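First residue of the sequence shown? That's 1 in UniProt numbering, and the numbers climb one at a time after it.
Read the hints as simulated data drawn from the structure, not as lab findings. Be aware that a few hints might be false.
Restraint ranges, calculated between C-beta atoms of paired labels, are given here [stated by the list, open to error]:
(1) Asn150 <-> Lys221: 27 to 33 Å
(2) Gln235 <-> Ile318: 28 to 34 Å
(3) Phe277 <-> Gln310: 19 to 25 Å
(4) Ser131 <-> Lys221: 36 to 42 Å
(5) Ile200 <-> Gln168: 56 to 62 Å
(6) His274 <-> Thr75: 27 to 33 Å
(7) Gly257 <-> Tyr85: 46 to 52 Å
(8) His66 <-> Asn150: 45 to 51 Å
(9) Leu46 <-> Asn154: 44 to 50 Å
Straight-line distance between alpha carbons at most 27 Å, and here's what the computed DSS-like set of lysine-lysine pairs gives [said to hold, decoys possible]:
(10) Lys65 <-> Lys19
(11) Lys56 <-> Lys39
(12) Lys7 <-> Lys33
(13) Lys7 <-> Lys65
(14) Lys56 <-> Lys13
(15) Lys39 <-> Lys65
(16) Lys65 <-> Lys33
(17) Lys19 <-> Lys39
(18) Lys56 <-> Lys19
(19) Lys33 <-> Lys19
(20) Lys65 <-> Lys145
(21) Lys39 <-> Lys13
On a predicted model such as this, the values are computed, not experimentally measured, just so you know. Ideal Cβ positions, reconstructed from N, Cα and C, are used throughout, including at glycine.
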Amino acid sequence: RDGNSSKTISWYKGITNLKPLISNSVSIQSRYKLINQTKLTIEQTLIGDEGFYTLKIQTDINISKHYLYHVILFTQNLSLSIYPYSTYHAEQQINFTCSIYLYADHIYMEQSRSIFLSTWYMIIYNNDPDSYELLSLSSNSYQYKAYIFNYELNRNDHNQTVSCILIQQELQQIVMLNFTRIDLLNIEYKAYLRGNYYFIRSFNAYSSIEINCEEFDANPKAVYTLIWILNERNQTLLNKTHHGRYLIDNATWQNRGIYICYAENYLNNNQPVHQSFRLNIWFHEHQKLKSSSELKLFSLTKLTQSNRNQSMILIIFIIIFFLGCLFFILSLYYFCLQYK
1 RDGNSSKTIS WYKGITNLKP LISNSVSIQS RYKLINQTKL TIEQTLIGDE GFYTLKIQTD
61 INISKHYLYH VILFTQNLSL SIYPYSTYHA EQQINFTCSI YLYADHIYME QSRSIFLSTW
121 YMIIYNNDPD SYELLSLSSN SYQYKAYIFN YELNRNDHNQ TVSCILIQQE LQQIVMLNFT
181 RIDLLNIEYK AYLRGNYYFI RSFNAYSSIE INCEEFDANP KAVYTLIWIL NERNQTLLNK
241 THHGRYLIDN ATWQNRGIYI CYAENYLNNN QPVHQSFRLN IWFHEHQKLK SSSELKLFSL
301 TKLTQSNRNQ SMILIIFIII FFLGCLFFIL SLYYFCLQYK
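Full structure from sequences and hints, please.
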């Protein structure tokens with residue numbers, strides 16, 4: 001009996017055959033406690049705690065009021081299944097099933113099935129389920145299921161964690177049970193261009209330039225080929241390698257040209273995707289002057305070398321001419337001696 005309010009507050013298990021649980025903080029079992037005089041708390045719930053509870057409030061003038069409550073006892077873990085379970089491909093369709101076991105009074109579930117289905121709902125992989133199912137397993141146990149049918153996978157699902165959440169928000173207290181599947185979705189997809197490629201790229205001379213063919217993404221990982229085209233001549237810089245980056249160090253005008261990246265995995269069926277761009281090398285003004293000075297020096301060197309070669313030829317010619325004249329004079333002198 002409460003001294004301030006002159007009320008007797010009692011909790012019972014059941015509707016008709018009432019089983020006393022606690023009365024004015026005098027508990028039959030230590031698991032039951034009263035909070036704020038009327039609220040019943042059950043510590044460490046067990047199977048069997050589900051069902052109806054009756055609150056009886058009786059005053060000194062022998063007026064009593066009865067309040068009826070029902071407790072649904074959920075198991076702690078949700079179960080999530082994916083069918084078929086395997087390595088998936090983009091554009092493949094799969095099914096998700098999220099389920100949980102619960103315990104409740106069968107009379108309540110028969111009368112309140114529609115209320116239950118509209119109150120408790122699930123979210124599977126951030127999507128609303130296509131359908132729900134409530135299966136009776138025994139007189140007081142049930143299995144609650146939600147389904148997503150024919151979910152079409154794409155490459156954005158790759159490495160995503162699949163989760164299932166049970167939510168009830170229509171009552172005063174929000175209840176949320178969350179289950180996250182440990183496994184990640186492994187989605188295989190063919191190579192595609194993930195980043196941005198420009199048709200013309202310009203760089204300053206003597207800079208380092210990295211050509212990144214790994215802007216093409218794929219699962220399984222793609223193999224990359226890089227072709228360089230200059231003046232109708234082709235050169236393969238990368239040839240079907242998993243490493244798709246190529247570095248041009250200290251670039252000059254000789255590195256200009258068309259570069260084409262190819263990427264493929266087995267899903268591309270030997271038809272690699274590709275993207276090309278033109279590479280320009282720009283010179284600053286002082287670089288142009290430097291290049292012009294180097295060209296003049298080179299021309300002057302060539303001219304000096306040419307003049308030197310011409311002088312050597314002239315000297316050799318004079319020597320040959322002198323030797324020829326000397327030979328002629330000696331021959332004439334010898335002839336004159338013979339004549340005398």
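Problem - Whether the CB-CB distance between Asn150 and Lys221 falls inside 27 to 33 Å - result: 29 Å, holds
Practice task
For the pair we were handed, Lys39 and Lys13, check the Cα-Cα distance against 27 Å.
Solution key: 14 Å, holds
Problem - Holds or violated: Lys56 to Lys19, with C-alpha atoms at most 27 Å apart - result: 12 Å, holds
Exercise for the section: Verify the proposed pairing of Lys33 with Lys19, using a straight-line Cα cut of 27 Å. Expected result: 15 Å, holds
Problem - Proposed proximity, Lys39 with Lys19 (alpha carbon, max 27 Å) - result: With Cα atoms ~17 Å apart, Lys19 and Lys39 stay inside 27 Å; holds.
Problem - Ile318 and Gln235 - C-beta distance against the hinted 28 to 34 Å - result: 52 Å, violated
Problem - Pair hint Lys65 and Lys33, alpha-carbon separation not exceeding 27 Å - result: 20 Å, holds
Practice task
Assess, step by step, whether the Cα of Lys39 is no farther than 27 Å from the Cα of Lys65, and give holds or violated.
Solution key: 15 Å, holds
Exercise for the section: Check the following: the C-beta atoms of Gly257 and Tyr85 are separated by a distance inside 46 to 52 Å. Expected result: 49 Å, holds
Practice task
For the range 44 to 50 Å, tell me whether the beta carbons of Leu46 and Asn154 fit it or not.
Solution key: Taking Cβ atoms as reference, Leu46 and Asn154 lie about 45 Å apart, which means the hint holds.
Exercise for the section: For the pair we were handed, Lys65 and Lys145, check the Cα-Cα distance against 27 Å. Expected result: With Cα atoms ~38 Å apart, Lys65 and Lys145 exceed 27 Å; violated.
Practice task
Assess, step by step, whether the Cα of Lys65 is no farther than 27 Å from the Cα of Lys19, and give holds or violated.
Solution key: The hint holds at about 17 Å.
Hint check: violations occur at hints 2, 3, 6, 20; the rest are consistent with the structure.
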